[in-house]
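K.L.:
Assemble the complex: chain A is given as a structure, and chain B must be docked to it using the hints.
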Amino acid sequence: MDIGAIVIAAVSLGLLGLVFGVILAFASRAFAVEQDERIPQIAECLPGANCGGCGYAGCTALAAAIAEGKAPVNACPVGGAPSAERIAEIMGVAALTAEPMRACVHCCGTDGDAVKRYRYEGISDCEAVLRLGGGEKACTYACVGLGSCVRACPFGALSLKDGVAAVDLAKCTGCGQCLTACPKGLISLIPLSHSYYVGCSNRDRGGETKKVCKAGCIGCKLCERNCPAGAITVTDNFAKIDYEKCTDCGLCAEKCPVKIIRRRGEEPPAES
Amino acid sequence: MPTILIIAINAILIENFVLVKFLGICPFLGVSKKTDTAIGMGCAVIFTMTLSSALTWAVNRFILEQFHLQYMQTVAFILVIAALVQFIEMALQKLMPALYQALGIYLPLITTNCAVLGSALLNIQNGYNFIESVVFGFSAGVGFLLAIVLFSGVRERIAACDIPKPFQGFPIALISAALLSLAFMGFQGLKLG
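Residue numbers (the numbering used here), protein chains in the order written: chain A, 451 to 722; chain B, -12 to 180.
The shape of chain B in the complex, shown without the other chains:
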């Protein structure tokens, strides 16, 4: 099987960012009350993750590695991601107002999404080349979308249930997230190569 496909399956199912690696839990819990908003958030994450993977790979390769500054990765990547999100937001507002309307409110939230930083750092750790990095970023985003959409469906059901008082709200959300995560552990068996 081509490496790229392995990377994609790995990032979406086996090493799902939210449910297996526990990255990006904040938006996962924060914007998962309705499926519509969850889809919006997921798409925004895919968008930013793909672009930031490409950009951070370039920054790492052409700036950090040249000056032997790999230990500054975290700082440099945060800088890159924050600037990138800002830039995307402005560009979208001007060039693609329709897409901005759809993603608009979620974009600023992503600046502080550790999943985006996580994907950038993992790209370097795993020694991916440019194409692999972009694929990894994109599929990690798809994994996030999958997790948040599944979870929002669960939460919409929970909202209609008669939950004991001490469990209402976040407690039951966390418990169901844990069960969902447990289910995703089943994909460990898929591990390839």
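Isolated chain A, as found in the complex:
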């Protein structure tokens, strides 16, 4: 056995490694990028779910934006006030607490109420069924109930109940992922402190709506006339609540003849 060969191999590879090591060491100096030390600190205060609810690619991207002052300290809709306060402490500014929001599905045309035109047995995806005449339900504004939002929710807060998506308020963090997942745009964020919502998005005229769904807004304007705060407006034959003005009195829900203005997290009133 030639010892010399081993020595040559060891030395040359060792030198090769050494050269690379030296180059890397110099490179790390030459190419050093100063990173804001606040970024990892801020990232620690964020939930770390990388849900993208803030509009940035992930929690670290948001942390970088906050450190640079591009995003407000309360930009994370999921972490809410507690995380905003801690981040504000790091950034040395006063926290502005944002009202926490929760997702809300503006359709309550469940299997019993909504008229179906055909039976769909294709792939379980809302986008797919839309290609087939806008879904099984005769109402083209209705939730198709195939759960694209359920799969998009990073917190498991959405579920399907009788063919309509339902939000679990305890689990929902208001990140807004479902808003973009719903191909019909039926989901919106409304402030946690408000409990009444309009459970319909149908813009057809009352008579048309009645034909396709028992739980459809017929645009009767009873809610608009009865709202003491003037928070409800009926445009395009369906009601909309302005949560800036709404006092959460619940009068609209009482007056609604089709019972589609509902309280969140509660079952609809039993039909008499």
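Please note that a few of the clues may not be correct.
In silico EDC-like links for lysine to aspartate or glutamate, alpha-carbon gap of 20 angstroms or less [claimed, not checked]: (1) B:20 to A:575; (2) B:81 to A:518; (3) B:152 to A:575; (4) B:20 to A:577; (5) B:21 to A:575; (6) B:81 to A:486; (7) B:81 to A:484.
Derived from the structure by calculation, the hints contain no laboratory data. Quick caveat, the model's predicted, so the values are computed rather than measured.
P.N.:
Frame of chain A, contents of chain B only:
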């Protein structure tokens, strides 16, 4: 036909690294859930493979061959590739932040990508000269990009399908990868020279 073109077609289609040679399966399965990330990974692989082909060829020619150390190829090339990836990552971060943002998270993953090492070793095995090595590295990367982008399209479709429970996730991914690989076997007929 010029040799370089033959090498390129060979590396992209006939001897596709992922689907025919079964190299680089880990990132192929790991980062193919979305087409966007697949493209990012593919581009990062092209980038590193081209550079590492050039560098490993030089190391082999001017160091290993000089000292008759060809049997140390694997070790030496791993060293070269790991150092190169590290260096590229640092350089990109400083000089081309935009490109770093696009490739950033995939670069460290490539250090352990056997396709990169494979291309370096195959260059030597096939006795390519410097230009041929670089072309081979680049087209092998293009082949990887092609395979991973095709596969990510398949997986995006699969994600929307109703798969029987035992097949959900990796089982169905592996089966569809096998079918894709079978399809690529058809290119064997193209073999030139």
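K.L.:
Just pull the numbers of the violated hints for me, sorted ascending.
P.N.:
When the structure is compared with the hints, none of them turns out to be violated.
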